Each structure stands twice: as C-alpha cells, then as structure tokens.
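> Listed here are the chains, written in short residue letters.
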Amino acid sequence: MAIAVPALVAPGQGERVDWRLAAPLGLVYLGLFAGPLLLLIGISFFEDSELAKPGLASWRRFWGDAFYRGVVVDTLRLGLLTVAATTLLAYPLGLVFCASGPRVQKALIFIILLPLLTSVVIRTFAWIVILAREGVINNTLIALGLTSTPLKLLQTELGLVMALTQIELPLMLLPLLTVMRQIDPNLIDASRALGASRWRTFFRVLLPLSIPGWIAGATLVFASACTAFISQSVIGGASLVYLPALIWQQSMVVYHWPFAAVAAVTLLVSVLAGISLFGALERAARTR
Amino acid sequence: MRMPPQPLTLDGLTHGYGAGLAVDNVTLEVRGGELVALLGPSGCGKTTLLRIIGGFVTQISGSVIIGDRRVDSYPPNQREVGVVFQNYALFPHMTVAENIAYGLAARGVSKALQRERVAEMLATVQMTAFAERKPRQLSGGQQQRVALARALAVRPRILLLDEPFAALDKNLRLDLQIEIKRLQRQFGLTAILVTHDQDEAMSIADKIAVMNKGRIEQLGSPIDIYDDPSTLFVNSFIGSSNLLAGTIERLEAGTFGVRLDNGAFWPVASNRSFARGDAVFASVRPEQLTLATAEAPGRFPVNHALSLPIGGMLLHDVRETNGAKLKVAEPRVPGTSLSMGGAAWCGLAANARPSLFPRP
Ligand SMILES: Nc1ncnc2c1ncn2[C@@H]1O[C@H](COP(=O)(O)OP(=O)(O)O)[C@@H](O)[C@H]1O
Ligand SMILES: [Mg+2]
Numbered sequence: 001m002a003i004a005v006p007a008l009v010a011p012g013q014g015e016r017v018d019w020r021l022a023a024p025l026g027l028v029y030l031g032l033f034a035g036p037l038l039l040l041i042g043i044s045f046f047e048d049s050e051l052a053k054p055g056l057a058s059w060r061r062f063w064g065d066a067f068y069r070g071v072v073v074d075t076l077r078l079g080l081l082t083v084a085a086t087t088l089l090a091y092p093l094g095l096v097f098c099a100s101g102p103r104v105q106k107a108l109i110f111i112i113l114l115p116l117l118t119s120v121v122i123r124t125f126a127w128i129v130i131l132a133r134e135g136v137i138n139n140t141l142i143a144l145g146l147t148s149t150p151l152k153l154l155q156t157e158l159g160l161v162m163a164l165t166q167i168e169l170p171l172m173l174l175p176l177l178t179v180m181r182q183i184d185p186n187l188i189d190a191s192r193a194l195g196a197s198r199w200r201t202f203f204r205v206l207l208p209l210s211i212p213g214w215i216a217g218a219t220l221v222f223a224s225a226c227t228a229f230i231s232q233s234v235i236g237g238a239s240l241v242y243l244p245a246l247i248w249q250q251s252m253v254v255y256h257w258p259f260a261a262v263a264a265v266t267l268l269v270s271v272l273a274g275i276s277l278f279g280a281l282e283r284a285a286r287t288r
Numbered sequence: 001m002r003m004p005p006q007p008l009t010l011d012g013l014t015h016g017y018g019a020g021l022a023v024d025n026v027t028l029e030v031r032g033g034e035l036v037a038l039l040g041p042s043g044c045g046k047t048t049l050l051r052i053i054g055g056f057v058t059q060i061s062g063s064v065i066i067g068d069r070r071v072d073s074y075p076p077n078q079r080e081v082g083v084v085f086q087n088y089a090l091f092p093h094m095t096v097a098e099n100i101a102y103g104l105a106a107r108g109v110s111k112a113l114q115r116e117r118v119a120e121m122l123a124t125v126q127m128t129a130f131a132e133r134k135p136r137q138l139s140g141g142q143q144q145r146v147a148l149a150r151a152l153a154v155r156p157r158i159l160l161l162d163e164p165f166a167a168l169d170k171n172l173r174l175d176l177q178i179e180i181k182r183l184q185r186q187f188g189l190t191a192i193l194v195t196h197d198q199d200e201a202m203s204i205a206d207k208i209a210v211m212n213k214g215r216i217e218q219l220g221s222p223i224d225i226y227d228d229p230s231t232l233f234v235n236s237f238i239g240s241s242n243l244l245a246g247t248i249e250r251l252e253a254g255t256f257g258v259r260l261d262n263g264a265f266w267p268v269a270s271n272r273s274f275a276r277g278d279a280v281f282a283s284v285r286p287e288q289l290t291l292a293t294a295e296a297p298g299r300f301p302v303n304h305a306l307s308l309p310i311g312g313m314l315l316h317d318v319r320e321t322n323g324a325k326l327k328v329a330e331p332r333v334p335g336t337s338l339s340m341g342g343a344a345w346c347g348l349a350a351n352a353r354p355s356l357f358p359r360p
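Taken in order, these protein sequences are the chains called D and U. Taking the working numbering, I'd label the letters of the first sequence as residues 1 to 288. Taking the working numbering, I'd label the letters of the second sequence as residues 1 to 360.
In short, the hints are calculated from the structure, not lab data. All values derive from a computational prediction rather than experimental measurement. Be careful, since some hints might not be right.
Some, not all, of what chain U presents toward chain D, calculated at C-beta under 7 Å [said to hold, decoys possible]: (1) Tyr-102; (2) Gly-103; (3) Thr-255.
Label-pair ranges, simulated between beta-carbon atoms [as the list claims (entries may be wrong)]: (4) Val-104(D) <-> Lys-134(U): 31 to 37 Å; (5) Thr-140(D) <-> Ala-131(U): 55 to 61 Å; (6) Lys-170(U) <-> Leu-117(D): 51 to 57 Å; (7) Ala-284(D) <-> Gly-239(U): 56 to 62 Å; (8) Gly-20(U) <-> Asn-139(D): 49 to 55 Å; (9) Thr-87(D) <-> Ser-203(U): 48 to 54 Å; (10) Arg-77(D) <-> Leu-172(U): 54 to 60 Å; (11) Ala-273(D) <-> Gln-78(U): 43 to 49 Å; (12) Lys-134(U) <-> Phe-229(D): 42 to 48 Å.
20 Å max Cα-Cα, derived EDC-like pairs, lysine to aspartate or glutamate [said to hold, decoys possible]: (13) Lys-207(U) <-> Glu-34(U); (14) Lys-181(U) <-> Asp-278(U); (15) Lys-207(U) <-> Glu-252(U); (16) Lys-134(U) <-> Glu-282(D); (17) Lys-134(U) <-> Asp-184(D); (18) Lys-181(U) <-> Glu-120(U).
Glycine is no exception: its CB is placed at the ideal position from the N, C-alpha and C atoms.
Please model the complete structure; the sequences and the hints are all you need to start from.
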C-alpha cells in the first residue's frame, strides 16, 4: 500500500529541508507561545475584570487616554534612544576592533562579553550606585568643580538610557563585530587608494557593508530595552512609567486582566513595528 | 589631458613587523612608463613593499618619490596611486559602473563626466554589457578587468598590481597579462607588478627586480636576468638550471678554466673574479646542454633515464655517474623516435654560456 509522503525534493529547487525536523520545537511553541498569545488577545476583548462582558471598552479606555498613549511613546522612545546610544558607542569600537591584530581582538571580545556574565539585576543595582545623588558620577563632577549641586540622574530618562546602554551594549556589539570582521580589509585600502578620505570610506564602504550586523544588533537592543522591566522599574522608579510596568501593575495589583492584555498586545505590536522599521531601513539602504 | 609618465624612486626603504625586516633597504628606480615586476618567493616582502608605495603601511626608514613629489607624508588617498588587488577587492554592494565611478566621485568629478569616463573605461576593458551587474555576478577574470578599469578611471600616476592573476586559470591569465600590458602602454603608466610566477614576470615586464628576504637581489631586463643571473638565488629562482660543482683550474683574460667534479674541463667566461683553486658552481640551462653518443673534450658520461616531449622540445632526464640528476633540453627533430635508456655523453651546446658562482 502506498503511503503519501510530502515530497522532500521539489523539482528544480534542489534539496529542501524536511519541515518535520522542526516539529518538536514547533509543537512546544504552538502550545506554550501561540496558544497563550491567542488567549491574551482574546482576553483583551473583555470589558470587566471578571471576564464576563465581551467588548472593546478596554481598548477604548487605553487608547482614549493621553497618559497611556504617552506610556507607549515613552517606551518606544526609550528603545530608540538606547539603540542610538549603543550604535554611537559600538561603531568606533568596531573600527578599533577591525584594525587590531588577532590577540587584541580576542581580548576585546572577552571584555565585551564580561558584563553578560553578571545578572541584569546586579548590573542595574550597580548603576544605582553610579547614578545616585552621592554616587560615582556626581561625586566626580563635584570634585572636578564642574557642578556644585548634584545632578538628578536616578529616575530620569537620561540615567535610564545610560544604564540600559551599558547593559544592552553587548547585544549591539556582537552581531556588529561579527559582520565587520568579515569585511575584506583590502576594500578599505582600495577605497583609500581611489582617493576617498577616511570618512568617505566609512560612510560609503564600511557602513553599508556592516548594516546587516547593525540591524541584528538594533533589533536585539530595541526589543530588550523596551521590555527591560527590572532596569526600567529600579532606575526609572515610580515617576517613569513604561509598558512592562503598566502590564505588571494592571495584572498583579489592579487585577484588571483585559486592560493588562491590551497593554501587552500593544507592547508586542509596537516592538514588532520598531523592528520592521530597521528591516525597512536595510532594504532602503540596499536598493539605493 | 594626460600626464606624462611619472618616474618612481624608492630610496632605502626598510620595514619590519616586530622581529626581522620584511623589506630591507630597498632602492629602486623605475623610469616613467616602465613596467617593473617584483619577483620573489612567497614571504620575501613584495606585498609589504607595494603597501609602502601605496601608503598603507609607513616604512621605518627610506622614502618613496613619485614623479617629483616625495610622498612619505601623504595618506593613500593623496598619492594618486592605482592599486589592483589579488582578490579584486571590488565593492560588493555597488554595481560595476558604481565601482568604476567610485574614485571619480571621491575626487568631486561631476556626474556627467563620471558617466562619460565610466562608459569609456567599460569599453576599454570590454565590459560595457556588464555595467549594471554586481561583482558577485561576474567571473574572476571579469572582476579583475573591472578592478583594472576602476583603478585606471582616476588616471593614477602609478599602477600597483599585487599578484593580479594568481587566482585565475591559465588561459585567462594570459589574456589578462596581454590586456594589462596593452592598457599600461596605452595609458603611458608606470607600473609595479608583484608576482611569484617567473614566466609572468618574464613575459610582461620591462624589468624584473628579483627579491629575496626583503632585498632586491638583481634588477635587470628579463633577458639579462635569465642569461646572466647575479646570484645563485636568482639563478635558481629564474628558469630551471643545472648546477655542476667544479674548481677553478686555469685563469685567462676574462675566461676561467673550470675542472668539473665529473672530470670534464670547461672554459667559462665570467665577469666575476675567482682565484685558482676556488670551489665554484657552473650553472647551465637545460637548453645549453646536449647529448651525444661519442666522447669529446668537455663532455662527461651520463645515463639517460627518460625523455619527455614538451612542445617543440625534448626534455631529457639524465644521471651523472655519481647519481646526480641533470635536465637537458634539445629541439625535437620531427620523425625521430625517442631513444630511452643507455649511456651517453653530455656536453655544452654551441654558444652556451654557463654562469659561475662561488661554491660555499
Ligand atoms: N601585517 C603583518 N604583520 C606581521 N607580519 C607581517 C605582516 N604582513 C607581512 N608580514 C611578514 O612580512 C614578511 C613579508 O610579507 P609579504 O610582504 O606579505 O611577502 P610577499 O608578498 O612577498 O609574500 C613575511 O614574513 C610576513 O610573514
Ligand atoms: Mg604577497
């Protein structure tokens, strides 16, 4: 008896990967990720915390309120600022990395990875010590006579971006350096010999060729900065509210699950929108 | 308007990476419009020398003079040097046309003039049909032609080529060698070609500089270098040769009587100086030896192992009585069959001019 088996090799397409290899993980995802996600979306379409009355009231309340819209904007801005700051730090380091010999490169990779060996919680608390009124930064500035009254850094966006930049920097650096080290150094020499300055060489050759690495890094940094619940809460404190804290508060304190679900779906969609923005940037750069 | 060909002078260039010198006190004068090949084994410092001229590495001492300018303090983008790399180094994210326009844009040439020059260069290297392709859609030879067009588009003073044919197969290599020679003539360019392939150097260079361990051992025309190598290293690096040990037995004006260890006596002209009793090597090219069936002065006994037809020549592999191997090349007489094996007498061909070197 013949048994129908999906064709592994489609004519003219070479050998294709057997999708059944992905089945175990696929099923786990289906059960533990896609299922709950559908549940979450479903819950958001109830109006009351007892989940008795279906309707759009939760969505309307969230998007009708300027405060909540502001929380969405702040969250995305935090992600973008962190991406910008990590980019500005990562590129110069990338140039140094590419110009270094193999031994210095190994040392740099180790230094870059080092922070990842410490938990985010510990690193966040370390930043409190650095940013506090009598912390490292303020004491240094006062000792240098650059300011007489301590700057307020804790519970500000600036302090939070500083901390997140340090915490997320490895996520930007690793993909960026991986791509940059694969760029043929002769391309830089070729550009220089053709009369291009260092800056022109950077913008016309190194930057476009490193964009795929930057996209990967920016995606990781953006997603994790937008959702960095611990750092946002500990350094941002009560005065700065971001979507993760809002979700926690609505679900665990107020127990209004439909409203928390609206915030969660909003966070998911906005992070995905941000990420696809980076992808669009790459396509624009490639077709230019 | 075209610049007249620019001379290039290297004056006592020295460079090292940590331990040892990669380039050791190199002095070289290249006349305007000349193509000089830097020939030497891998690791002898050819690329380093080229990178110093291009300004990509800064020498420890010495200077580079292009035309009438001492360029030691110039960054690479101000040296007006065209470079063609072994791996082509085309910008992978740009089309062929954009690659060729790159240097023009960097010099602020107007868009209209860029287009004109790109079209002209594409036609020069016969790549017009490929203007909108990306480098990865081209074969190795096509990529190398684009690299050449890109380097020449900005009208450089000097063209530097670092093993430009090494990654290409043999037929293509010959085509490109002819192409480069043609363009170099057409543009009146002074060019330095780095290679470790002596045939390549012989066929396209006006002069060859043979390098060994960071130094130039000999500079001369391909024919000078082939016929009159100045050191044992140059002798063994260029072409194939047989080394026969011997001793100086007699001195006459400009001619040395050499008693070879195999018993034969050869009078050899040489402009080097030797004293009676000096141990020497006599070096003879395979085509400067002949095989004969009878004994005569200057001949020594050999055993004939085998013969290989190589084009119009027959290459005989023969052994001296002490087992040492020699190569003998003779024109192949059409219609004759190969005689294999057996004893024979080996001697100098008419007009043969062996070289003498001191034997350590
Ligand atoms: N960037 C470098 N760092 C250290 N040593 C190098 C470097 N480049 C070349 N060398 C050394 O310098 C010598 C000459 O190298 P190179 O100029 O590349 O020779 P060639 O091109 O003739 O093969 C070699 O011994 C090589 O190992
Ligand atoms: Mg080399």
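> Hint by hint, note whether the structure agrees.
Hint-by-hint comparison with the structure:
no. : hint                                  : verdict
1   : Tyr-102                               : 5 Å, holds
2   : Gly-103                               : 3 Å, holds
3   : Thr-255                               : 51 Å, violated
4   : Val-104(D) <-> Lys-134(U): 31 to 37 Å : 33 Å, holds
5   : Thr-140(D) <-> Ala-131(U): 55 to 61 Å : 58 Å, holds
6   : Lys-170(U) <-> Leu-117(D): 51 to 57 Å : 54 Å, holds
7   : Ala-284(D) <-> Gly-239(U): 56 to 62 Å : 57 Å, holds
8   : Gly-20(U) <-> Asn-139(D): 49 to 55 Å  : 51 Å, holds
9   : Thr-87(D) <-> Ser-203(U): 48 to 54 Å  : 51 Å, holds
10  : Arg-77(D) <-> Leu-172(U): 54 to 60 Å  : 56 Å, holds
11  : Ala-273(D) <-> Gln-78(U): 43 to 49 Å  : 46 Å, holds
12  : Lys-134(U) <-> Phe-229(D): 42 to 48 Å : 44 Å, holds
13  : Lys-207(U) <-> Glu-34(U)              : 8 Å, holds
14  : Lys-181(U) <-> Asp-278(U)             : 44 Å, violated
15  : Lys-207(U) <-> Glu-252(U)             : 33 Å, violated
16  : Lys-134(U) <-> Glu-282(D)             : 18 Å, holds
17  : Lys-134(U) <-> Asp-184(D)             : 16 Å, holds
18  : Lys-181(U) <-> Glu-120(U)             : 18 Å, holds
Hint compliance for this structure: hints 3, 14, 15 are not met, and every other hint is.
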